[in-house]
Amino acid sequence: MPAGDAFTERQQDDVVRAIRLARKQSDLPVSVYVGALDGDTRAMALQLHRALGDAADGTVLVAVDPGARRLEIVTGNEIRRRLDDRAAGLAAMTMTSAFQGGDLSGGIANGVLALAEFAHAPRSLHTGAP
Amino acid sequence: MLVATLALLALPAGAAFATQPTNQIDDGDQPGAGLSVLETLGIFVGIPALLYIVIVLLVNAGSSSRGPRYRPGAGWWAAPVWFNGPDDADRAVRDAEGSTSQGGGASARW
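From first to last, the protein sequence lines stand for chains A and B.
Quick note: the first sequence uses my numbering, first residue 1, plus one each step.
Quick note: the second sequence uses my numbering, first residue 1001, plus one each step.
Hint data in this document are derived by calculation from the structure and do not stem from the laboratory.
Incorrect hints may have been included.
If you want a taste of the chain B side facing chain A, the calculated C-beta under 8 Å gives, among others [stated by the list, open to error]:
#1 Gly1075
#2 Ala1092
#3 Asp1095
#4 Glu1097
Note that beta-carbon positions come from the ideal geometry of N, C-alpha and C, so glycine has one too.
Extracted from the complex, chain A is given alone in its bound form:
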């Protein structure tokens, strides 16, 4: 792929729409990074997650390195209670199988939607009481 924009406008819209849908349907804030993860990919993904600042604990970071063919999903401490590592692994498989076929934006969009599907609704207190 030549240097330039990673996605066309339509592909970008797909990803943005999936992120918006995840937030709306499951109240799950997702951040998606597509680019090089130099060095230790996991450590780099964790650093990017930290860079989200105050929102980090409540945010899922999906970091994709298309060049090195690595995918990292980082769930914040708070979100981890709703989205366990097994669910994150399943979403990661959804994404990588699309990436293998060359569909980067579609894989990301489907993966974000899968994350939203797996994330349980946040436990709300006192609403079950009569």
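Knowing the structure of chain A, use the given hints to seat chain B on it.
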């Protein structure tokens, strides 16, 4: 390919012209004027060639409008994109250097 097509076209045409008696007409035959060379070429070469070009254009139009395709293993040189990331990504990443999240998640490769 074009030369071969022309040769194939010319061969039976020449043979037919050579063997057909000129003034033997069956009952009910109403032969019109014969096709000129240009008309023959237009119908049997021009129209197929045009169709070929149109179909090729239609096939390629879909993929070129979708933009360049990601090919696993072919490398990646596009600038990083961060959806729903921090406002000042460069600074945020620099500030976060050294400290990492404790979160869980998953890793995968393809």
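Check your understanding: With 8 Å as the cut and Cβ atoms as the points, is B:Glu1097 at the interface with chain A?
Key -> Given a least distance of 7 Å, the restraint on B:Glu1097 holds.
Practice prompt. Return the status of the interface hint for B:Asp1095: holds when the least beta-carbon distance to chain A is below 8 Å, violated otherwise.
Written response: holds, 7 Å
Checklist entry - Does B:Ala1092 pass the interface hint, meaning its C-beta sits closer than 8 Å to a C-beta of chain A? => result Constraint on B:Ala1092 satisfied, holds at 4 Å.
ask   = Going by Cβ atoms only, is B:Gly1075 closer than 8 Å to chain A?
value = holds, 5 Å
When each numbered hint is compared with the structure, no violation occurs for any of them.
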